[in-house]
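Asks: Residues per chain are reported as follows:
There are 2 protein chains.
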Amino acid sequence: MRRYSPVDFTRVQLTGPFWSERLETVLTRTVPSQYKKLDENGILESLELKDPPPPLRVPFNEHGFTMQYFWDSDIGKWIEAAGYALRHRRDAEIERQVDEIVDKLEAAQMPDGYLNLWYQGHEIENRWTNLRDRHELYNIGHLLEGAIAYYQATGKRKFLEVMERSLDHIRNTFGTGDGQKRGYPGHQEIEIALIRLYQLTGERKQLDLAAYFIDERGRQPHYFDEEAIARGDDPTKYHFFNTGNYEYGQAHKPVREQDKVVGHAVRAMYMYTAMADLAAELDDDSLRHACEVLWKDVTTTRMYVTGGFGPSASNEGFTTDYDLPNDTAYCETCASIAFVFWAQRMLNLELDGQYAEAMELALYNGVLSGLSRDGELYFYENKLDSDGSHRRWPWHPCPCCTMNVSRLVASVSGYFYSVGPGAIAVNLYGGNSAELELDGRRVRIEEQSDYPWSGKIKVSVHPDGHGVFALKLRIPGWARDGVAMLNGNPLDVPGQLQNGYLVIERDWIEGDVVELDLPMAPRRIYANPKVKMDRHRVALARGPLVYCAEQVDNETPVPDLILSRDAAITETPRADLFDGIVTLTAPAQSIGSDDWGPDLYRTTPPAPADTTLTAIPYYLWANREAGPMQVWIREG
Amino acid sequence: MRRYSPVDFTRVQLTGPFWSERLETVLTRTVPSQYKKLDENGILESLELKDPPPPLRVPFNEHGFTMQYFWDSDIGKWIEAAGYALRHRRDAEIERQVDEIVDKLEAAQMPDGYLNLWYQGHEIENRWTNLRDRHELYNIGHLLEGAIAYYQATGKRKFLEVMERSLDHIRNTFGTGDGQKRGYPGHQEIEIALIRLYQLTGERKQLDLAAYFIDERGRQPHYFDEEAIARGDDPTKYHFFNTGNYEYGQAHKPVREQDKVVGHAVRAMYMYTAMADLAAELDDDSLRHACEVLWKDVTTTRMYVTGGFGPSASNEGFTTDYDLPNDTAYCETCASIAFVFWAQRMLNLELDGQYAEAMELALYNGVLSGLSRDGELYFYENKLDSDGSHRRWPWHPCPCCTMNVSRLVASVSGYFYSVGPGAIAVNLYGGNSAELELDGRRVRIEEQSDYPWSGKIKVSVHPDGHGVFALKLRIPGWARDGVAMLNGNPLDVPGQLQNGYLVIERDWIEGDVVELDLPMAPRRIYANPKVKMDRHRVALARGPLVYCAEQVDNETPVPDLILSRDAAITETPRADLFDGIVTLTAPAQSIGSDDWGPDLYRTTPPAPADTTLTAIPYYLWANREAGPMQVWIREG
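Protein chains in written order, with this note's numbering: chain L, 1 to 636; chain E, 1001 to 1636.
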């Protein structure tokens, strides 16, 4: 069913300033500093399996849960990011660090293949007794993705072999056969990793295991009930049981029957990613249909304008339709990252531009906001309104988002292109040089642009020999007035638009040039009035970037700003800010308590004072002095 | 210091429809039904002192507290309301009910005068060990007010004598003398009752005890600490200790040093009432100054537009300046009632109209909203915004508000007039016939009006003989354009205005008539922008009544209503509603999700739809079918 495939990120070299800077920061600062953090926070020490184990670094919470249960996943995710970094440029120090970890993992692995540092260090007798809460399969998933990335970077197979033994053990333990447990992960992730391994090795058993986990999920009698009873627990005492079912982990019913995006946002998005992958690999229309229903649900009722997901801290996830509070938004960075994964899979099913547009939205906003400018500070929660107290942290008891953002940025160029039969699709823009393969031919694409700051994009095509193929250039929904030229001759953009892509099919020859001019005029975004929190408010955007008003750029207290509906919004290039960005400014009003005396009430309204609103791209907020921030600005 | 005195409510007969209806409802429905509720809920049974005591009707909460601790106060408050009812018209059945209660109280009283049904029934060994939490002195205060009222109604002294013995016991137990505890009430109230007893009997010792309680409050070493240590408790474990001090009960510092209105709202208002009383009785400028500072503080930073007080349920009280949330407003009915008490005392210090205006505001809105139209359902919390789930209840585990509203309405005519040397002041309007005494003379005042529905007021003066005196007619702040005529001749209202009162000094003769025409045009009220919750919102008022939009009168969902700033507001007499009221209507807009498809976001704003806004007086809401209600309406 999959018509298109992504392109390995190593084939696309980023040359434009926007992504070059983010990539370089992640490679030179984020990845190395994360190894130090893993070390300082005792996570690497857990590889030693000391007896007795060292005291907990992250104490049990009131539910008897410690985030150390999933330290293995942090190790795996860091190796994945490090592997991607090594594919950009080999680095002996990083390789030594990974090799040392892999040696310890190999040494730790039990003869039967079981591998989980928490259980092996603390309570091996309880292994595989609580898939619902304890992340054993989730951890293996992230370790496996790390092993794949490290193998791809170095050709070293040891880690991959450790993981293959672990998977054989898991395959023996879980399944529908006699004597097997019909279990599946409480936190989905391993499904994605298994599909990646299948794509690497072609081994059908890896794909089958992923499909088993997805197919088994949510069936009755419920495995989570059964394993709880088996270990002597009351299944109803599950502390994320507040919905009266297993919605928290999307195990409340079989996945093909799910039509509402519910529960823990990252679990949900990882599962949908795997479902879309399986739909493509297995040509499974029922999974594809479920994905399409869930996609429509989340993007029309439960998505923040920044491509953030999950309003609630209490379940790190979804609540009710149109419940999108700004100041208490949870919007975990990992959820936006996982959405990017899902969107990419949906996009490659049939190259529908809506998926690329949502992917780009989340990437430039909800994802990038999670990493500081200097690459060493993080947001776990990406609020859309802050009184100034919400700040980036250098590490977190649950450091999942940190390595998630580094692995995504380190491989971001892999999201730029898709290749399908007779077609090359450009999904994301930003200067780059791509060496692609199309139906056995090599095609080099060079893109010159300063996207997203400018909408002027020049794409030159360098095919290896002759032959007709389609170049499909995505025209974002906000750029439908864009113009395009082929070798200086205007193209009929509306006439050549298919599913959001400008399709140019021809016998491309060396040096053919397509020029795009995507209109980058600032635009106002309004939310459906059912989103009560955003009523009478407006968000500003320019290109793929959502903007916010941060106090440091504004004289008027940000919560006092009022933007009138007809105020002209000016784009202002600011070379002095963040190596050069475009800010948005507009004449605005301040709610004006200046003309109020001590009265609490009076019969004349407050007289607004004239002021100026300055907005910066949302992803850049909280990199300077602390202060209030708002994405949704009062419109009056 | 007190220049003016209130007039006993029996001297003022209500003849206007507004207050006649409320009074009649309270006398015929509320007071009798409350006796039944006291009986049904086990409160009267507590008079029996059964051994063993019956099971708790109100279980201990998580702090080891039961609201049964203050059942005595409910009995006292009902007798006070019943006493007022009997002063309107004797009723053998009510008298029999009260006499029976009094006999039981007399029988229960211990030889040393101690009287508290909880302690005597459950844990007499612990009496007087926890003034902070256990309401012993508060209970005596309410019983005493009941005894005074019943004596005034019937001339029967038995209850009063029981209470005098109880007070003698308290006087022996508490004070600054050797062997005395330097205690004072955790919940203020007894101070007001003692001053009333002093005003009835002239016994200075009652006034002195009230003054002692006020003077001792908040001194160091702190009595609440000492008594906690004495009973083996940790004083810092006080569950209302969240401010790190005794602000909850206004015992964080001596009362004269208090300059912020803090803590439990009813406790605060009762204390300020007693402070203002003592300032007058003792000519105490320091207490008066403290009251003025606290008055200014609360009315400029912490008062709802309805005359409600205390935004927070967690402490039933105050939080921070300008924190006046509408949907979570606590605004206990008792707090507005207690504010009326305080305002009356402040008013009578020097007849400053600002106090009468605030008193009227609270009375017509925050107080009256607490009682249903039928007189048998109650609000404990008077929210200013509801999604429709907030409804009136027939009774409450803490029934304080129920008898508080009945005792106030039953005696409301006592707030209409003040008399001072050479002056009669009309503070509140509404048809009535008053028999007043002024400097030894009798003056009858007849007021004909349909206030607050109409601002046309006709006051005729019937003095007993000749002599100059001033008639002072309050001109509310919203009626400064009002016109007045004396015997058909126009008066110079601005020229004769003193402290908010139109002063007419003359040798009044039989049949002199003053006619007032107070403009009742609807007005828009805005809140100081520091009240974030009310920004971009407007409240509507007409005369002393604050209005609200209730769903049952509106086609558009109330939260969707938008009133444009220049929309004309029409007064509509509605004979069909609540025996005749005036509603306010205006052309308005609905936020309009009608024109939205399934999109969550788009670049064009929602198109408002035309609709009509209908508002009713706030005090009448929640007497019909359930639905959303808003006082503060979106202005756009």
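In case anyone wonders, no lab produced these hints; they're calculated from the structure. Be aware that a few hints might be false.
Straight-line Cα separation of at most 25 Å, DSS-like style, residue types lysine-lysine; simulated pairs [as the list claims (entries may be wrong)]:
1) K1532(E) / K530(L)
2) K532(L) / K1532(E)
3) K237(L) / K205(L)
4) K1104(E) / K532(L)
5) K530(L) / K296(L)
6) K1104(E) / K1181(E)
7) K50(L) / K36(L)
8) K1237(E) / K1158(E)
9) K456(L) / K530(L)
Asks: Between K532(L) and K1532(E), is the straight-line Cα distance small enough, at 25 Å or below?
Replies: holds (16 Å)
Asks: Measure nothing beyond the straight line between the CA atoms of K1532(E) and K530(L); if it is 25 Å or shorter, mark the hint as holding.
Replies: holds (22 Å)
Asks: Given the hint that K1104(E) pairs with K532(L), test it: the Cα-Cα distance must not exceed 25 Å.
Replies: violated (57 Å)
Asks: Can you confirm whether the C-alpha distance between K237(L) and K205(L) stays at or below 25 Å?
Replies: violated (36 Å)
Asks: Is the hinted pair K456(L) and K530(L) satisfied, with a Cα-Cα distance of at most 25 Å?
Replies: violated (36 Å)
Asks: Mind checking the alpha carbons of K1237(E) and K1158(E) for me, to see if they're no more than 25 Å apart?
Replies: Violated, at roughly 41 Å.
Asks: With the threshold set at 25 Å, check whether the alpha-carbon distance from K530(L) to K296(L) stays at or below it.
Replies: At roughly 17 Å apart (the allowed maximum being 25 Å), K296(L) and K530(L) satisfy the hint.
Asks: Hey, K1104(E) versus K1181(E), does the alpha-carbon distance stay inside 25 Å?
Replies: Violated, at roughly 29 Å.
Asks: Hinted pair, alpha-carbon criterion (25 Å max): K50(L), K36(L). Please report holds or violated.
Replies: holds (20 Å)
Hints 3, 4, 6, 8 and 9 from the list above are not met by this structure, while the remaining hints are.
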